[in-house]
Amino acid sequence: MTTTIAPAASAAFSRRSFVKGGAALAAGTALGTAFGFDIAHAEGTVDPDAPLEKRYTYCDMCNQVPKCGMTAYVQDGKIVRVESRTPHPTTPLCAKGLASIQELYDPKRLQTPLRRTNPKGTGASQWEPITWDEAYDTIVSEFNRVKDADGPDAVMFYCGDPKEPRPPIQRVATLFGSSTYGLESSLCSTATNITSQLVYGRGQSSSGSDPTDDTGSCMIWSLNAAWSQPNRHAKFMDQKERGCKFVIVDPRITPTVMGLADIHLQLRPGSDGALALGFINILIRDGLVDKQFVDEWTHGYEGLADLAAQYPPEKVEDITWVPAAKLEEAVHLLADNAPSTLVTSSAGLAHSSNVGHALRAVFMIPALMGMIEKKGGVMFASGGLPLDVSGSSAKFRAEDLYTEQHFEEKRVDKDDFPAWVSFTKHFQTARLPEYIDEGKIKAAILVASNVMIWPESNRYQEALGKLEFVAAVDYYERPWTHDYVDILLPAAMCHERMAPFAAYGRTIFFREPCVAPAGQAREDWQIMLELGCKLGFEEECFGGSVEAALDNVLKTAGLDVTLDDLRANPEGLEIPGSKNEEGKHASGKLRKDGEPGFNTPSGKLEFDSEMLKGFGYEGLPVYEEPVHTPYAPSEQDKQYPLVLNAGSRLPFYTHSKLREIPWLNQFMPEPVVRLHPQDARDRSIGNGDVVRVFNHQNEIEMKAEVTNLVHAGMVDIFHGWHQANVNLLTTRDFDPITGFPPFRCGLCEVEPTGKGRLVGQDKS
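In terms of the UniProt record's numbering, the sequence shown is residues 1 to 764.
Simulated from the structure, these hints should not be mistaken for laboratory data.
It cannot be assumed that every hint is accurate.
DSS-like, lysine-lysine: derived pairs with alpha carbons at most 30 Å apart [unchecked claim]: (1) Lys240 / Lys613; (2) Lys315 / Lys613; (3) Lys425 / Lys440; (4) Lys425 / Lys147; (5) Lys291 / Lys555; (6) Lys555 / Lys592.
Assemble the whole structure, with the sequences as input and the hints as a guide.
This is the structure in structure tokens:
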């Protein structure tokens, strides 16, 4: 929808205004009225007498789902101002959204298809501009050549961040016949999704439930929502003000801890499984278990009780660094303030070599307390729209074809991670270098991808270099990845895109592009649909029309609504339907057969997983130390006494993205390692010193931040810096069940370099 309005009188916001307003919003400390910020275009590029047009979109600058609403003010065909969209379910915008127009008009953005003219992996890439048809024809020729020689599964279709392009990528991959469809979620949310279903049953993917007005207490485990999801954090703060009690488990003192925690359990990174078993030990010992719920609705309680008996609070303190008395206090706070609920992050807890068991133990805690399917407790989602996080239907994603053609049986990861394969339709990319070395993957298209995402990133770079052909789609040239690709395609940003929809409960939003794409850039959905047409699927890919594809999403989701309906309702259109209700396990609404219970082999919530035992794994949530641990270190590990917690989020960056934006880059322009004052003193390190962070695998240089916000004995490293990629230090010691890497429980040492400043190659 477009509305013409008079130019705003207060058109100028200074850089200082942006810093003050945007940073506060991002940190979740000033969530209130909408802020708006302007961008100064080069003189003469915008007609100052042209009217301002008000257009609506939603932001994809981070991974927050649902997406935040955005209003863009367009003058002379260019966005000159953005602000929060009101009314909208998620407002206001954070610093990343407010700064998005600076990225939109960055002259370094890719604006034309490119073809490599020098050998891959030899340094600075050399490119020549080509047409879209030339690019598509090259990709199609190479993909079909590999398909004819090695089969369709030898071509990998991969989507990184943002998640918006997933649906057409999956559709085209499946139509092509390739089961080798990969996602960044093989390092993000999927471990949480799988482990929750192993406990609660297939279809009940969960990271817990946010506190409501019925909730008495809430345990937040490894989530710093104040920085990663500020709008969600604001709702937590509302519940805190109402009287809800909070226990927060995190090795750091975060803004979330400072704003919410009644009790903070500051554990050693990687020891979550032991802490959860200690929690269970106290629940059982002190008679705090809901025996009626456990007896009627759970499987494996006796075995779990025997296992938890091995983890009394004193032993848990020794393993986790959490004082026994504080753990006991936390257990009783939750038990005394029922109903209680659990909230976990999608990935923080998952980044360990024991996540398959540790996360299951955490999900068992509310079950033992009888807080499953109870108002104010953990409620399984129901009643929402049949759309995934990327706003598409299963039918659109061709998941029926995946099943009909038995893709599960030919997946490259089926022997390595069988539990993963049974729960997902995207392969676990952990062993990508091995699959390439073994000749199982010969070509790829990488959309919004960066090899910095993987542990031992250089291994994945080397693997890309061995592929016969690689195409990539991105906003920028990113040498960490694009030094190894043959064709590079320019992607349109969220302000320039139509697809996909955004859904909030039963309300669906549609967006029109606010402005035309920069140069020859095209939106990801259009690129993939046009590529699908070139591959021979003209009808199935709607002739390359994004609008026709979105219409198909609505139809295949069974929604009695059209694009014209959505255009006429820019504030969102609520689709009538049932609402979530409690007690679904008792009413038979968790199982396809309609019988009471849970969708597991036993028909009950499983403490001892029959599914896992069927795949050859231990069924109980046994605790195992990280491969590299200070608790029982090997001779090699004794040289690296500090626990490495990598991957912490910042409110102004999204992984390796947004480093190009000056408004954001000013907040933390250099790579930082946080360490405790005692550890700094022991190493003669001062605040701001340039230090060497190293282990048996590699080394990087960073600036030291000496702070008591981290526990003694550990370092905390924010990831994503091209010149100091912490994933050169993280290892490929994958969790056997999920394939997740131990980003948050490695080992390292830190020493001063004596250098006055950091020097690093601009390489992302």
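Results of checking the hints against the structure:
1. Our distance criterion of 30 Å between C-alpha atoms is broken by Lys240 and Lys613, whose separation comes to about 41 Å.
2. As the CA atoms of Lys315 and Lys613 are separated by approximately 28 Å, the hinted pair is consistent with the 30 Å bound.
3. A hinted pair counts as satisfied when its Cα atoms are at most 30 Å apart, and Lys425 with Lys440 qualifies at roughly 18 Å.
4. Pair hint Lys425 plus Lys147 holds up; C-alpha atoms about 20 Å apart against a cutoff of 30 Å.
5. Distance restraint check for Lys291 and Lys555: the Cα-Cα separation of roughly 46 Å exceeds the 30 Å cut-off, and the hinted pair is therefore not satisfied.
6. At roughly 23 Å between alpha-carbon atoms, Lys555 and Lys592 fall within 30 Å of each other, so this suggested pair holds.
The structure does not agree with the numbered hints 1, 5 stated previously, though it agrees with the rest.
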